[in-house]
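J.: Going down the list, the protein sequences come from chains A and B. Per my numbering, the very first residue in the first sequence carries number 1; after that it's consecutive. Per my numbering, the very first residue in the second sequence carries number 1001; after that it's consecutive.
A few of these clues could be false.
Said to hold, decoys possible - Take a look, some chain B residues computed to stay more than 10 Å from chain A by CB distance:
no.: 1; residue: 1002
no.: 2; residue: 1006
no.: 3; residue: 1032
no.: 4; residue: 1259
What the hints assert, rightly or not - Computed cross-link-like contacts, PhoX-like style, restricted to lysine-lysine with a CA-CA straight-line distance of at most 25 Å:
no.: 5; chain 1: B; residue 1: 1260; chain 2: A; residue 2: 55
no.: 6; chain 1: A; residue 1: 122; chain 2: B; residue 2: 1216
no.: 7; chain 1: B; residue 1: 1032; chain 2: B; residue 2: 1102
no.: 8; chain 1: B; residue 1: 1013; chain 2: A; residue 2: 129
no.: 9; chain 1: A; residue 1: 226; chain 2: A; residue 2: 202
no.: 10; chain 1: A; residue 1: 209; chain 2: A; residue 2: 257
no.: 11; chain 1: A; residue 1: 52; chain 2: B; residue 2: 1186
no.: 12; chain 1: A; residue 1: 52; chain 2: B; residue 2: 1009
Claimed, not checked - To give a feel for the contact side, a few chain B residues facing chain A, derived at Cβ under 8 Å:
no.: 13; residue: 1102
no.: 14; residue: 1104
no.: 15; residue: 1110
no.: 16; residue: 1111
no.: 17; residue: 1113
no.: 18; residue: 1114
no.: 19; residue: 1241
no.: 20; residue: 1243
no.: 21; residue: 1245
no.: 22; residue: 1258
no.: 23; residue: 1262
Honestly, the hints are just simulated from the structure, not real lab data. Ideal Cβ positions, reconstructed from N, Cα and C, are used throughout, including at glycine.
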Amino acid sequence: MIEVVNLIKEFDDLEALKGVNLHVNKGSIYGLLGSNGAGKTTLLKTLAGIYKDDKGQVTIDGDRIFENEALKQRVIFIPDHLFYFSSYTIEDMAKFYREVYSNWNEDRYRSLQSVFKLDFNKKIHKLSKGMQRQVAFWLSLSITPDVMILDEPLDGLDSVMRQKVKNLLIQEVAEREMTIIISSHNLRELEDLCDHIGILHKGELVLEKELDDLKQDIHKIQVVFKEPSSRDALKELNILYQEERGSVLLFIARGNKEKILSCFKKLQPVILDILPLTLEEIFIYEMGDIGYAIENIIIE
Amino acid sequence: MNVFIIEMKAHRKSLIIWCIGVIMMVGSSMAKYVGMSLSGGSMNEFMDSLPKSLQAIWGLGSLDLSTVIGYYGVIFFYLLLMATIHAVMLGANIISKEERDKTTEFLLAKPISRNAVITSKLMASIINIVIFNIVTLVSSILFVNQYGNGASVTAEILLLMAGMFILQLIFLFIGTAVAAVSNNVKIVTSLSTGILLITFMFSVIVDLSEKLEILKYFTPFKYYDAKNLLQDGHLDPVFLVLSIGIIVTLSIVTYLFYNKRDLNT
């Protein structure tokens, strides 16, 4: 669906992207993570056809996006800084979109009013920052796009609205196989939304993986033993980290869930819990080698 | 089409202000003519007694100030200046404003090609300068004929305005070309008005000495000089061809560079 091949993007003396390769499947929600200045926005703007892909290739459904009007009809980009014409109401702005996008869905636009509960005739500039962001989603979803490119989209939304918007997006993906690529510097925000994760660091994509793959392979084990005993049985496990909290021992281990469990059971623990890791924890334990990139994403 | 309407709206207020300015300019200047014409030929004598450099700077040339059209010719010099400043700033602004106002990404993410964006913006600009020109034309005809003691000078004014229109086009495209080529939004307006001032200075210098005659090809202001237009009764074909050449070149530059470079977002 979305294919980026060896994209290099330079501005004057800055090399923002140094040969990025990225793939997003149709109907997928792809989370693009990265520290500040990693090149997320540059990549997204090139994907949206705003910047020219002068070195490398950026294609959506096999077609180049740059200056491609037909393709842009199906691709919507919500930037981190929103723009509305001054003194336009929501309805005025909808009129503009209606004329520009041939696949504008009027019914959808009307029905989404019940979600956002904003007045059609309200001047957009008088709305709060978060409400303006809601308008952006409202208008964008009314276009029924095939691809949504979102740059820090949930900033400024309250938690209720955040959830509503996430649900709307997931619904679109489930019903129409819409594809979403979403950038953030916040792992937690993307965890329950994305199925694929890509991490951009200093202009390079250092990791691209399916979220489930990441999660299946790594586990957190909480265990309490009756008395200190030999832990030789655990040696055959790939233990990344261990910690003692009073009588509770905490292990982070990589490998098959069943195998890990049976190893621990041999030691006859009083309590044995195996828990999935949060995305944040996975990155801390597994991706230490990318160092800075991950640290910045987690701490923010 | 959308971009065209948005640009028309965006420039409506400024156009109205410029039009009021130009009407006041013509009105107040022509009102002074009444007082001046009473003194008869003495005005010409006085002007002749002035040093040539002063005459050139004031745009007097060798116009006969005792006739209404001669007097209008002097005003025309200032109207030209107003019209070209308006045109060059309009051209520079309309192309660079997306980069200045950070609206490039909004525009370019939409299914509108860059060529369509420029064409709409140029159409809106041309309509703006046509309106400016018509307002100048109509107010000139009304005021000049009112003070002209019966002798109609409409034909002469039409000729002068035709010249002014071509000059407006040249400077509009100078503005758009500078904005399209320049990567630095901040300097676009000052650079294009700078070009205007330099060519304007050239046109004054040309009048100072006949040795500098050759410079007249470098300043569009000289292409449509009131004195020559009124003497010849038609636009000079050489300058006309030159003007068309400049306009075509600058419009190609505008399209090419706007398409070629990454716009600031």
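J.: Now tell me if each hint is right for this structure.
T.: Here is how each hint holds up against the structure:
1. 1002: violated (6 Å)
2. 1006: Contrary to the label, residue 1006 of chain B does not stay out of reach of chain A, its closest Cβ about 7 Å off (not over 10 Å).
3. 1032: holds (41 Å)
4. 1259: violated (8 Å)
5. B/1260 / A/55: Measuring from Cα to Cα gives roughly 14 Å; hence the hint holds.
6. A/122 / B/1216: violated (57 Å)
7. B/1032 / B/1102: violated (47 Å)
8. B/1013 / A/129: violated (28 Å)
9. A/226 / A/202: violated (49 Å)
10. A/209 / A/257: At roughly 20 Å apart (the allowed maximum being 25 Å), residue 257 of chain A and residue 209 of chain A satisfy the hint.
11. A/52 / B/1186: holds (23 Å)
12. A/52 / B/1009: violated (30 Å)
13. 1102: Check passed: Cβ of residue 1102 of chain B comes within 7 Å of chain A, closer than 8 Å.
14. 1104: holds (7 Å)
15. 1110: With a minimum Cβ separation of about 5 Å from chain A (threshold 8 Å), the hint on residue 1110 of chain B holds.
16. 1111: Hint on residue 1111 of chain B: holds, closest Cβ of chain A at ~4 Å, below 8 Å.
17. 1113: OK, holds: residue 1113 of chain B within 8 Å of chain A, min 6 Å.
18. 1114: Holds, about 6 Å.
19. 1241: Status violated, d = 34 Å.
20. 1243: violated (32 Å)
21. 1245: violated (29 Å)
22. 1258: violated (11 Å)
23. 1262: holds (5 Å)
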